[in-house]
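Note that the protein sequences, when read in sequence, are chains H, E, P and V. Sequential numbering of the first sequence, starting at 17, is according to this note's numbering. Sequential numbering of the second sequence, starting at 20, is according to this note's numbering. Sequential numbering of the third sequence, starting at 14, is according to this note's numbering. Sequential numbering of the fourth sequence, starting at 38, is according to this note's numbering.
By construction, these hints were calculated from the structure, which means they are not laboratory data. Hints may contain errors.
In the DSSO-like style, the derived pairs of lysine-lysine whose C-alpha atoms are separated by at most 30 Å in a straight line are [claimed, not checked]: (1) H:K64 with V:K107; (2) V:K251 with P:K141; (3) H:K223 with H:K210; (4) H:K218 with H:K229; (5) H:K48 with V:K251; (6) H:K205 with H:K229; (7) H:K134 with H:K110; (8) H:K210 with H:K226; (9) H:K128 with H:K184.
One-sided and incomplete, this derived list gives chain H residues near chain V with beta-carbon spacing under 10 Å [said to hold, decoys possible]: (10) G43; (11) L46; (12) G49; (13) L50; (14) T53; (15) A54; (16) N56; (17) M57; (18) Q59; (19) T69; (20) Q71; (21) F86; (22) L130; (23) V200.
As the structure is a prediction and not an experimental result, all values here were calculated from the model. Glycine is no exception: its CB is placed at the ideal position from the N, C-alpha and C atoms.
Each chain is listed here by its residues.
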Amino acid sequence: MNVSRKSPDQNGGGQDARATPRWSMPGLGLVKGLVVTARNMIQSYYRKDRMTTVQYPEERAPISPNFRNFPFLCYDGDNPATGLRCTACSICEKECPPQCIYIVLDRDENGKSLKRPKLFDIDISVCMNCGICAEVCPFDSIYMDGQYEMSTTDRFGGLLLGLDRLAKSADYHMKLRPLEASEVAARRKAEEEKKLAAQAAKEAKAKADKEAKAAAAQAAGTGKGETA
Amino acid sequence: MTPLALLLTVSSLLFVCGLLAVLTRRNAILVLVGIELMLNAANINFIAFWRYGPADPDMTGPMFVLFSIAIAAAEAAVGLAIVLLNFRHTRSTDLNRLNSLHG
Amino acid sequence: MILPLLILSPLILLAALGAVWNARPVHAALMLALALALTAGLYLCIGADFIGLVQFMVYVGAVAVLIVFSLLITRPGDEAEELARRPGSLVTGLACVLPVAAVLMYAVSHTTDLPYGTAASPPLPLQKLGESLFTDYAPAVLAVGVLLTAVMVGAALFARDPDKKPTTPPES
Amino acid sequence: MSLLAMSSAEPSLWSPEWLPRLPQRLVEMLLRNCHAPDWLVSLAGYAVAAGTVVAVFLSAFALLSLIERKTLARIQNRLGPNRAGWFGILQPVADGIKMLTKEDIVPAKAEWFLHLMAPILIVVPSMLALGVIPYGREWVPVSLDLGLLFFFAVGTLTEVAVFMAGWASGSKFPMLGAMRAISQMVSYELPLILSALGVIMVTGSLSLPDIVNKQGDFHLGFIPAWNVFTPWGLTATLIFFIASIAEANRCPFDLPEGESEIVAGHMTEYSGFKYALFFMGEYLGLFAISGLFITLFLGGWQAPLPGLTIVPSWLWFFAKLAVVIFTHLWIRGTFPRVRMDQLMRFAWLCLIPMALLTIPAAGIWVFTGGGLKGWLIIMPLLLVPWLILTTVFNRRLASQTRNYTFADS
């Protein structure tokens, strides 16, 4: 009894049950059990911490940051058409075990790749939420979503997600899983800076080269002229 | 037709039914069914004669039926216990296969 | 007063015939339960309320259930093909039964000559029944008590597994 | 019919005591004014009386199906049904609509006739049994001289019905459930009837209204003379209550329909309205056996204190019924299901000997004239065997204690 009073949980009395005395009043254990359930019942009316029920459609339990469901595509900025990180490299399409991803590369009129998907479909009736697509993506584009209310009345179209429903902004990702998203953002920023720096260096180098070449050409010209 | 004659006819036909079951059934439990029917027929006779026969202030008829019912229950219990015991040995309740004692 | 009897009697006989003729043992046992229950109704109709209810309780509630239960334990097959294969037993059975039926019907037809056709005794007085049960019939009650105790112990001993070994698998 | 005895008292039409019989009397008055023949008047009266009982207990059944779920939920710190209507008050309606509109499936191997008859035969005995219970001083639907015997006799019909359900379904789980149910009912019927015998001995009557009238006095001015307040009656009350839980197939004796073991026992192959009938029969049976329990031991419709007799007697009956039913729910929410061998051993080794002992104890109580002397003689007579039996029972169970290696860690 002492134990159960200390912790008003359902398993109160579990400890002293093990240390059963040699002889106890027959029927006493039954009464003890009845007391436990009666306390449960009465306290459930005034102790809010006993009731763990979340009344789902009105209120929702917060989902864990580790909760992973179907994939989504991340885009930077405000416009999903231009900011999409996906380059339609088709790695995820090839790695997907149930092959639920379908990608068509977007090309311009000359047939040159635009490095963005024209079509990006995920059939979530086939997807098994393994997360391999998110792992293999080298462009930080595809991530696992936290959305779980996916039910639809349309068995085929409703479960085939196209770009319009897959594309979600980087802010959404940040809100969904701040830890992972900020890490990714930092890395991307660093890469971006590196790229910029590299480009700057390259430009500088190119410029220097050009200048050097020009200087050399000039020098050669003058030398030639001199010799001629 | 008086009620007495009706009841006696019913009871004798019931008895005949029970007898037929005892004679033709091969399953020991269904033979017991026949015996119950015959006991029941006898009980109907007792009640019929108590009610429609000569005045019976001592209620011998119902009294006899009470004892008969008690004994019928006992008989069914013992009979079925024997059948079950036998079933455990021979895996059968067929009376034609209970012939290991005939010489 | 004869109308309920006229309705119940053929029903009892039909149920009894069902118990005798039905090829499926469980159906036969259920028909027996029906016949016994209808007989209880017959007793209720002719003023033996107590006997009727006791009949219902003991026969339907105990005996019929016991029979059904042992049928479940032994799981007998249907007897239909056996009955069809060996009509000899049926002929013999009928040959034995018909003379009995004839004798009984003869006796019954002479019983109707008795002068009393209507109810002679009042409906069963319960108080008096109980009193005479425990005064005049006390030795009989004691004997039945001893019998029932012996039966209970005996049946329990019979039905008990002598050794706790698993039963032998049935030979197919 | 010799079975039926009309009640002859004719107090004022509008007294609260007569309220439940108002419909019956109104119909009778109406028919008399139309110069209907006497048999028609009494027949219509009985029909209306039966209709009243059926209406009351069917609505009580609907209410109980909700209250049971709410109570069990609260015991487990849940909320229970709260969507249909205010606090889930329309849940029984929703359940009913669901049940009625479901497809009625009869398995291919089932015997359709017995399969159909079984649910009907489950409901009928419970309804019949409800008809003989005295609900109030003036409210006895059918007053039988042999009421108690009638109650037990129709109660046995349930066994046959359960067997029919199990066997006619033509499948394994129903069969197993039916076998469990029959062995359990047969075993627990004995202590049930034996513990009621003491009441019959003390009252000297099988009529339920007589039994209630006999419990109308008050000892020392405030202790009601209910049978539960006697030493033999206390024992018989406990035994009867335990056996009635088993007879109603409720937890912890719900092996016949143990969901986690054999799906739903004999009801496995039933659906739709037939399943609803089983459900109804079970709850009506619970009402009936609790009503009998109240009638035999808790003083029926008698008020618990002398000053409270102004409250209509049938209200007292239903208050007691509510308490008893709540105890059933409480027990269901508390105890785990027992094992089959424990169940049987408990009935045959513990309950039946004790129930047999209550009969001589009741005899001694009558001959000593009750009072303190009766208590002093009877208490040791019952207490000592009880302690011995329960200790032996506990020992035998304790020797079979099983250690669960992983669950206990």
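So, against the hints stated earlier in the document, which numbers end up violated here? Of the numbered hints, 5, 6, 21, 22 and 23 do not hold.
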